[in-house]
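J.: Starting from the known structure of chain A, fit chain B onto it as the hints suggest.
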Amino acid sequence: MSTELHAPHLELEEVHEFDLLRVRGISKLLHWRHARTVLQIPLLFVSLVMVLDGLFGPRLAPKNMATTFTWLHFRGLLVLVILGAGNFFCLACPFMLVRNIARRLYQPRWNWPRKLRNKWLSIVLFVAVLFVYELFHLWSSPWWTAWLIVGYFAAILVVDGLFKHASFCKFVCPLGQFNFAASLLSPLEIRVRDQAVCHSCDTKDCIRGRREPKSDLVVIQRGCELALFQPLKAGNMDCTFCLDCVQACPHDNVGIRSRMPASELMTDPARSGIGLFSRRKDLAALMIVFTFGALVNAFGMVSPIYVVERWLSALMHVTQRAPVLGVIFVFFLIVEPFVLLGGAAWMTRIFGGSRRPLVPTAVRYSYALAPLGFGMWLAHYGFHFFTGLLTFIPVTQSAVARLGRNLLGNPLWTWTGIPVRFVQPIELGFIGLGFAGSLLLTHRLAEDDCAQHPMRAFIPWAAVCLLICLASVWLMYQPMEMRATFMMS
Amino acid sequence: MQIRSLVGGWDLHLLAERSSFFLLLASVVVLLGVGCERRQSSPEIIITHEIKPKPLRVGPAEIALTLADAGSRPISRAHIALEADMAHPGMAPVFGETRETAPGHYQGKVSLTMGGDWVLLLHITLPNGQTVERQIELNGIEQ
Chain A
11 MSTELHAPHL ELEEVHEFDL LRVRGISKLL HWRHARTVLQ IPLLFVSLVM
61 VLDGLFGPRL APKNMATTFT WLHFRGLLVL VILGAGNFFC LACPFMLVRN
111 IARRLYQPRW NWPRKLRNKW LSIVLFVAVL FVYELFHLWS SPWWTAWLIV
161 GYFAAILVVD GLFKHASFCK FVCPLGQFNF AASLLSPLEI RVRDQAVCHS
211 CDTKDCIRGR REPKSDLVVI QRGCELALFQ PLKAGNMDCT FCLDCVQACP
261 HDNVGIRSRM PASELMTDPA RSGIGLFSRR KDLAALMIVF TFGALVNAFG
311 MVSPIYVVER WLSALMHVTQ RAPVLGVIFV FFLIVEPFVL LGGAAWMTRI
361 FGGSRRPLVP TAVRYSYALA PLGFGMWLAH YGFHFFTGLL TFIPVTQSAV
411 ARLGRNLLGN PLWTWTGIPV RFVQPIELGF IGLGFAGSLL LTHRLAEDDC
461 AQHPMRAFIP WAAVCLLICL ASVWLMYQPM EMRATFMMS
Chain B
7 MQIRSLVGGW DLHLLAERSS FFLLLASVVV LLGVGCERRQ SSPEIIITHE
57 IKPKPLRVGP AEIALTLADA GSRPISRAHI ALEADMAHPG MAPVFGETRE
107 TAPGHYQGKV SLTMGGDWVL LLHITLPNGQ TVERQIELNG IEQ
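Listed in order, the protein sequences are those of chains A and B.
Quick note on this note's numbering: the first sequence kicks off at 11 and runs consecutively.
Quick note on this note's numbering: the second sequence kicks off at 7 and runs consecutively.
Bear in mind the hints are in silico, worked out from the structure with no lab data behind them.
For every residue, glycine included, the Cβ atom is placed at its ideal position computed from N, Cα and C.
Hints should not be assumed to be uniformly reliable.
Stated by the list, open to error - Partner residues aside, some chain B positions facing chain A, computed with beta carbon under 8 Å: (1) Asp91; (2) Ala93; (3) His94; (4) Gly96; (5) Ala98; (6) Gly121; (7) Val125.
What the hints assert, rightly or not - Which stretches of chain A does chain B cover? Using the computed rule of at least three CB atoms under 8 Å from a CB of chain B, they are: (8) 67-75; (9) 417-430.
For reference, chain A alone in the conformation it holds in the complex (with noise of 0.2 Å):
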């Protein structure tokens, strides 16, 4: 029995794409078996240097790598490649290395319960993350940085050391959920060549894993682990790009595609292990999270939390941060959303006619906030990391003079980046472009949902959109104070 096969992303019209794996040298790179763990390893080597350093090295985070390259470095690089390229970072996660070498030794035998099949716990321990990097100042701690690195691989080979499949990166990796709603906006995707030709396969290589000829039970190629069945996948949500499924294709099918940044916002077709977007209110709810974080993260370097926390400490009588904060997270994370979104939604169902109920309005119009978070995340991750650019070769010759041998001379302490003033207009057209990104997001969406009155729908979607993108600029422009101390007076 044949299935029919309909590809749900064959609605937006595809011309002359680009694929990576057809560039000569890196498909054959990338279709070796082993393309992956070379990718890691080096990250793997840096991830225990780091840690070293954090526990063992000086405990100025300027001058230590595991707080140098953890919060300019990775970070930076991080949002960088997700915005020109996609989630390349998940493909070369060193934790995913160790998962595997442990895995060589035992196997797990569990499903992930059931119940937990769900983005919930991942968006609680990515608000715990954002929570706990404000209340103990992490930048400031290599000694925490490095417990943080230690304990984030603790944390998979426990998860997965107990559950089948890639249950960390699905449903627990905080990273992970960052990766994969920023990779939303990603210029490429992993995808199939040719439907006709999955139409025709027999074998389903792409999900079940490519088995010994003579046993089946004998898996030589793993496929997919995150339940994406090529054919019916679209987009990059919960895609690591682990290119299992590139290596298990007999028909070389799979190919890493371009595609329009944000194009998968603007349909809901069912997708292959997440099923429709308008109904996981699980997503949108990280989307929420994804971009309002964006926002309580930068505002924690800023001088007016100060101001905020003072007065928020002096009302609430407590002299602890960790009350003041999480009032502060509430206020951000919840509150403000509520309002926002829901104000909004309601207005699109009162003047624009839509017949959605108040919630899935809310639910669907949530993902196209989705690229002013990542203009947000990048203009944040991006001034560190351009203004500290050039940190890592200090603080790298400091580490290796601290071995006794002053092989790369004297750490040039002065060499940090790109001045400030050059920097500004980057980080302000990054979050110009998430603004025209969530407007024509939002356009088209409420295209759909309001065909008569689309321009009353979109209104106040565009107000949401404008509020987030001023208070981001707003917050840019703010002096920078960042603090390892609560201030009480």
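T.: Okay, now just chain B, sitting in the frame of chain A:
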């Protein structure tokens, strides 16, 4: 037939089989934590400092230092280089030099370029050539 005890859907035998791995993992984590407890060597010199203005704001900061040995005798002819770093990585450090104004008394200046938490590093070269590093936290610099 092998009988396995299931509690709340959890296979306890399987858990026991794998407990050795998780025990090993936990041990590594604990040992790493215990093994790398930080200790600071006891100072061989006594340094006192006064930094103005109070409270510290963005701009020039005057630093007055006194150096003495363990017997409280002032240390003259030392060289003290100043370096101030932000608590956050990636920010440009600022540098300054000191001059000796009286035996064991040194004065210098650094210009703090932004608000927030700074760490002032003292790179001290003693008259006998021995080098000593000390750091002073400058928290909550106002804009």
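J.: Give a verdict on every hint.
T.: Do the hints match the structure? See the list:
| no. | hint | verdict |
| --- | --- | --- |
| 1 | Asp91 | holds (5 Å) |
| 2 | Ala93 | holds (4 Å) |
| 3 | His94 | holds (4 Å) |
| 4 | Gly96 | holds (2 Å) |
| 5 | Ala98 | holds (4 Å) |
| 6 | Gly121 | holds (4 Å) |
| 7 | Val125 | holds (6 Å) |
| 8 | 67-75 | holds (count 6) |
| 9 | 417-430 | holds (count 4) |
When each numbered hint is compared with the structure, no violation occurs for any of them.
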